[in-house]
Amino acid sequence: MKKVTRQDVLNQILSNYSKNIYTCIPGNFVAFTDSDHQRAQVQIGVQRVDVYGSTFSPPPITDVPVIFPGGDYSLEYELKTGTEGLIFFSQRCVDG
Numbered sequence: 046m047k048k049v050t051r052q053d054v055l056n057q058i059l060s061n062y063s064k065n066i067y068t069c070i071p072g073n074f075v076a077f078t079d080s081d082h083q084r085a086q087v088q089i090g091v092q093r094v095d096v097y098g099s100t101f102s103p104p105p106i107t108d109v110p111v112i113f114p115g116g117d118y119s120l121e122y123e124l125k126t127g128t129e130g131l132i133f134f135s136q137r138c139v140d141g
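Residue numbering for the sequence shown follows this note's numbering, beginning at 46 and increasing consecutively.
Everything labelled a hint here was simulated from the structure, so no lab data went into it.
Estimated spans, in silico, between C-beta atoms of each pair:
#, residue 1, residue 2, range
1, Q92, S135, 19 to 29 Å
2, G130, I58, 29 to 39 Å
3, Y62, H82, 28 to 38 Å
4, F77, G98, 28 to 38 Å
Model, not experiment: these values are computed from the prediction.
Glycine is no exception: its CB is placed at the ideal position from the N, C-alpha and C atoms.
All chains, full assembly: derive it from the sequences and hints.
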């Protein structure tokens, strides 16, 4: 039987804790708040459940940078209200 070290215990705690950290969630495009700078308002697409079991939708997130994949070329996308996408959360700002 393998001896369990303090490092093993810490690794297991951090692994379990990180399972509750979400870095992206489905969402819907609401409207551009600043189309020149590609900033939008988005709605999280998953309802939350409070401690009493009631469901609710979080308020829309404003001033979200809209980023399209690409490199040395450009693509044109039409975003209509309700268009589904993926909202990414980052520890660092896009501008930095």
